[in-house]
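Counted the way our numbering counts, the sequence shown spans residues 914 to 1244.
If you are wondering where the hints come from, they were derived from the structure by calculation, not from laboratory data. Among the hints, erroneous ones may be present.
Stated by the list, open to error - Taking lysine to any residue and the SDA-like style, the derived pairs with C-alpha atoms no more than 25 Å apart in a straight line are: (1) Lys975 with Arg965; (2) Lys975 with Ala950; (3) Lys975 with Arg1047; (4) Lys975 with Pro998; (5) Lys975 with Arg997; (6) Lys975 with Ser995.
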Amino acid sequence: MTTTLAAISRPARTRSPHDSRAGARAPGPRDLDAVPAVAARQAGAFTRQQARAEGWSAAQVKQRVRSGRWVRVAGRALVASSVRPDPWAAVWAVRLTWPDAVASHLTAARALGLPVPAGGPEHATSAGGVRSLRDLVVHRVDLPADDVRRAGREGPAVTTLRRTVLDCLRVLPADDADRLLAWCLPRGVLRREDLRAAVLAGYGRHGTPALLGALRRTAGDALSPAERRMHALLRRGGVRGWTANATVRDWAGVVAVVDVLFAAQRVVLEVDGWAAHGGREAFENDRRRQNRLTNAGYRVLRFTWRDLVERPDAVLAEVRSALRGPGDRAL
914 MTTTLAAISR PARTRSPHDS RAGARAPGPR DLDAVPAVAA RQAGAFTRQQ
964 ARAEGWSAAQ VKQRVRSGRW VRVAGRALVA SSVRPDPWAA VWAVRLTWPD
1014 AVASHLTAAR ALGLPVPAGG PEHATSAGGV RSLRDLVVHR VDLPADDVRR
1064 AGREGPAVTT LRRTVLDCLR VLPADDADRL LAWCLPRGVL RREDLRAAVL
1114 AGYGRHGTPA LLGALRRTAG DALSPAERRM HALLRRGGVR GWTANATVRD
1164 WAGVVAVVDV LFAAQRVVLE VDGWAAHGGR EAFENDRRRQ NRLTNAGYRV
1214 LRFTWRDLVE RPDAVLAEVR SALRGPGDRA L
């Protein structure tokens, strides 16, 4: 994966009726959807204090919060309820609440585009001096400098992609952790060696057993629960001659790391899951990838979790049919 923090750390600008000069005129009674100008530089987030500094009265601020036009992100941060939520607003909420803390765990993951569950409290990491709030959890860790990046010269601090994934694996339930791994490992965001090193470095610390569990669950080359079920189905059905997570190349280079490859028959099995293949961009990438596989002479069969659970015999029959050549006996 070539995505870098620099490419994903530019918060969307929120439109504001104000200019950004100090002492900008406060809105009139009809400007109910207005927000402080500073919100445009903070992914739409701002505080009551920043609104007051730009000329809103205490009564105006209170009225907008009470009416639901301004809603709380987390901690001290507010956003306009009329704008589409920006995950970077939660990162700014950490900065606006605890200036020295680092946005981390699920908060960093959502901002960096990782497939993690929505909802729940936001997360920050700090060496000390702050306490968790109802909607903002603090993890007391002294982060190495190499694990932290700042979004712009004046922007909030956020954990690096690799650190963010490891932190999420420490706190996520096993199924969600497996979905994250299924997305990260084929893209090179994280390696099993990174997991192993984190387990050894964190011996006896909170979250290390979860990392160890993730390491063990990926030992058999299956990156997700669906892939593990597919592998078990193939073994139970006596289907041989396949390789898990195999790299397929064509004349232009690497096409993909496919879930299951029957190299001799040039048959590929793909197990679709929301984490590994979800979203419009991922869907379009999958279609381009499948076209390249087809043009390279591979037959691609796609299955869902529901297929594997509700119709395993039919899945085996389809696989066997694809593997049979003209005149071949049934596998």
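- request: Check each numbered hint against the structure and report the violated ones by number, ascending.
  value: none
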